[in-house]
Amino acid sequence: KAGVTQTPRYLIKTRGQQVTLSCSPISGHRSVSWYQQTPGQGLQFLFEYFSETQRNKGNFPGRFSGRQFSNSRSEMNVSTLELGDSALYLCASSSPARPGLVTYEQYFGPGTRLTVT
Amino acid sequence: KQEVTQIPAALSVPEGENLVLNCSFTDSAIYNLQWFRQDPGKGLTSLLLIQSSQREQTSGRLNASLDKSSGRSTLYIAASQPGDSATYLCAVRRISSGSARQLTFGSGTQLTVLP
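From first to last, the protein sequence lines are chains Y and W.
For the first sequence, position 31 (counting from the first letter as 1) is numbered 31 according to the numbering used here, and the numbering increases by one without interruption.
For the second sequence, position 50 (counting from the first letter as 1) is numbered 50 according to the numbering used here, and the numbering increases by one without interruption.
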């Protein structure tokens, strides 16, 4: 079974531009979460989508947004990029709940390295 | 607010040594705890997941324990190898509808195993 895939793997943008990152979850997984990783702040939760609905959102400005499609693929968008948005953006899909076993174990993709200049 | 701390921040050991990585969390109302490994510039690989009702989980040379009441977890690595060199992260998931899948991460322990 294929793992979580993220595209593109690397991206260089200029301040003020916008960017869209894509994530395809493991087949059968319906939950997708996004995290930002920086050397200074570590890993921080951005948002989670389940069945095309945003279920939870972290403490990030409105410039960060996302969506999920009917096939569970997800995109996140960052508008008006700032230098501080340079980070590794990680996507995770959650294991499906089975009767009697709800673990919410998360499986991460390789990430998209965004550099803002 | 849940806070997760990992000590030490960095650890260097000779090959073959057994070692323990520590993780502590401030809110014991957790759903489960997950240990990850991250290689430089890469994503996270799930190592072990411990449900709140469990005390430990084992996978190969890895053993993770959980003491929810004291807010602590340890990851034991037996007979360490140079290939174990990576950053190890622990993350906890709270008991709370709406944030059931959100993980709070520690800052990680960077492990170097010397040949």
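The hints are simulated quantities; they were obtained by calculation from the structure and are not laboratory data.
Hints should not be assumed to be uniformly reliable.
[Stated by the list, open to error] Capping the alpha-carbon separation at 30 Å, the derived lysine-lysine pairs in DSS-like fashion look like this:
hint, chain 1, residue 1, chain 2, residue 2
1, W, K42, Y, K13
2, Y, K57, W, K42
3, W, K1, Y, K13
4, W, K68, Y, K13
5, W, K68, W, K1
6, W, K1, W, K42
7, Y, K57, Y, K13
#### Entry: Indices of hints not satisfied (ascending)
3 and 4
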